[in-house]
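Trainee: Got chain A sorted already, so can you dock chain B onto it with the hints?
2 protein chains.
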Amino acid sequence: MERNLLLKIQYDGSAYHGWQVQENARSVQGVFQEALKQVLHTQPDIKACSRTDTGVHAREFCLSMKLSHNIPPERLLGALNHFLPPDIAVLSCEEVPLDFHARYSCCGKRYVYEIWNNPIRSPFLHGRALHYYHHIDEKKLNEAAQHFLGAHDFTSFCTLDNRDMGDFTRTVTESSVTREGDMVRFTVAADGFLYNMVRIMTGTLLAVQQGRFVPEDIPKIIEGKNRKLAGPTAPACGLYLEKVFYKPQI
Amino acid sequence: MERNLLLKIQYDGSAYHGWQVQENARSVQGVFQEALKQVLHTQPDIKACSRTDTGVHAREFCLSMKLSHNIPPERLLGALNHFLPPDIAVLSCEEVPLDFHARYSCCGKRYVYEIWNNPIRSPFLHGRALHYYHHIDEKKLNEAAQHFLGAHDFTSFCTLDNRDMGDFTRTVTESSVTREGDMVRFTVAADGFLYNMVRIMTGTLLAVQQGRFVPEDIPKIIEGKNRKLAGPTAPACGLYLEKVFYKPQI
Numbered sequence: 001m002e003r004n005l006l007l008k009i010q011y012d013g014s015a016y017h018g019w020q021v022q023e024n025a026r027s028v029q030g031v032f033q034e035a036l037k038q039v040l041h042t043q044p045d046i047k048a049c050s051r052t053d054t055g056v057h058a059r060e061f062c063l064s065m066k067l068s069h070n071i072p073p074e075r076l077l078g079a080l081n082h083f084l085p086p087d088i089a090v091l092s093c094e095e096v097p098l099d100f101h102a103r104y105s106c107c108g109k110r111y112v113y114e115i116w117n118n119p120i121r122s123p124f125l126h127g128r129a130l131h132y133y134h135h136i137d138e139k140k141l142n143e144a145a146q147h148f149l150g151a152h153d154f155t156s157f158c159t160l161d162n163r164d165m166g167d168f169t170r171t172v173t174e175s176s177v178t179r180e181g182d183m184v185r186f187t188v189a190a191d192g193f194l195y196n197m198v199r200i201m202t203g204t205l206l207a208v209q210q211g212r213f214v215p216e217d218i219p220k221i222i223e224g225k226n227r228k229l230a231g232p233t234a235p236a237c238g239l240y241l242e243k244v245f246y247k248p249q250i
Numbered sequence: 251m252e253r254n255l256l257l258k259i260q261y262d263g264s265a266y267h268g269w270q271v272q273e274n275a276r277s278v279q280g281v282f283q284e285a286l287k288q289v290l291h292t293q294p295d296i297k298a299c300s301r302t303d304t305g306v307h308a309r310e311f312c313l314s315m316k317l318s319h320n321i322p323p324e325r326l327l328g329a330l331n332h333f334l335p336p337d338i339a340v341l342s343c344e345e346v347p348l349d350f351h352a353r354y355s356c357c358g359k360r361y362v363y364e365i366w367n368n369p370i371r372s373p374f375l376h377g378r379a380l381h382y383y384h385h386i387d388e389k390k391l392n393e394a395a396q397h398f399l400g401a402h403d404f405t406s407f408c409t410l411d412n413r414d415m416g417d418f419t420r421t422v423t424e425s426s427v428t429r430e431g432d433m434v435r436f437t438v439a440a441d442g443f444l445y446n447m448v449r450i451m452t453g454t455l456l457a458v459q460q461g462r463f464v465p466e467d468i469p470k471i472i473e474g475k476n477r478k479l480a481g482p483t484a485p486a487c488g489l490y491l492e493k494v495f496y497k498p499q500i
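Those protein sequence lines, which keep their order, are chains A and B.
Residue 138 in our numbering is what sits at position 138 of the first sequence, and the numbering runs on without skipping anything.
Throughout, our numbering is defined as the position within the second sequence, counted from one, plus 250.
None of these hints come from the bench; they were simulated from the model.
Computed from a predicted structure; not experimentally measured.
The hints are all genuine.
Here are the simulated distance ranges between beta carbons:
1. B:Pro498 / A:Gly192: 51 to 59 Å
2. B:Pro323 / A:Pro232: 32 to 40 Å
3. A:Arg103 / B:Gln460: 38 to 46 Å
4. B:Lys389 / A:Asp167: 48 to 56 Å
5. A:Thr54 / B:Val271: 30 to 38 Å
6. B:Gln460 / A:Glu2: 38 to 46 Å
Backbone N, C-alpha and C fix where the C-beta goes; we use that ideal spot for every residue, glycine too.
Isolated chain A (complex conformation) (with noise of 0.2 Å):
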């Protein structure tokens, strides 16, 4: 009888070229097909809530597969983390109903850019974290963040390729800035988010930061719809998947 299983997976993207499969590179779901290869000697179609871009790191990474293999949940995690490598983890493994899909049933994520704000690098958070040297001012830049809210067209925040077509608008529901000790994060959570749209708010926060822009200027950013007006994409390192949404099942 075929079942559909929802995985919710962990991983360092670090050593990564991305979530999906590429030729001649190491992405995170050819090695997590490998994993599954070895336990069910079978290769089931894997659907995934996202990509995640080289570097980019999930605390939190969803996808969803049809088996007829009828392995208990927690015998097919544990032997997945088995034979996974130790920068990738099972979380947690569930039967869902068979109309459940891991993208199309998301109905929202929520991502955290981490940023290591001291004049020295952490030699533990390498790949982890964006290393910013001068003092970043969390309260002026979650003042400018605020002005992400709501269901915006955010095509000035967005790298144009051929996965972004027809409607731009998002609808923005957390984005905040904060601080504990030096790491600053800026926390976004959105319906849906376009092709490098975390990372060049980021990048745009950065520019506020070094007085480039003032907070007020976003809603002129966003109503510009010009790639050209916001700040520069941020490094993939300081970015991560943190909690995919999903309507409860009934």
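Mentor: Positioned in the frame of chain A, the structure of chain B alone reads:
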């Protein structure tokens, strides 16, 4: 004119065979000396607060060196951080009296042993914490840890080798086990440490967790002055040199 400099450094020890220079092995000291050579074009004699084993980390490791080069301390700090790899950082660099010696002037050190206590490993803590599957009763382990406090002969908590001669009495001034979410930490400070002392203390605390000992066994293990009475040596990956104590400079 000869000057004496105190440098505080931080490193992720995962990629190193400890601090000490060794033939045919990459050590923190070796890499540090290479960077020094590039900056100063000379090879000062470095005095270090201690050695660390392969895979052990340092949030604060101290070293002193005498040099006649007149480079300002803050310039040396910046230049070293430029030439050092990302998993080593110089936190501070200051001039100290000529009689200061990173090892002989040291009056104590604090270590922290970190344990990721969750059935699922963390991809972000590989090589950075011990992964312990079963739930740890941190209150019970803390009770056991209290018995380390005070001046004791710690022969039972020492891997005998050439470096530990003479008196095995050390005075433990801090010893506690705490939990923060899934992270369990054993913190221990003393006027000095024997070889593998913190790792054997940790292994013994984990043996308490496993029911091999009760907290009240610790005094008997200490009194027995026999390595075989204590628990195993915990892996290096969870160990951090946290702080090095020096008498205030007059």
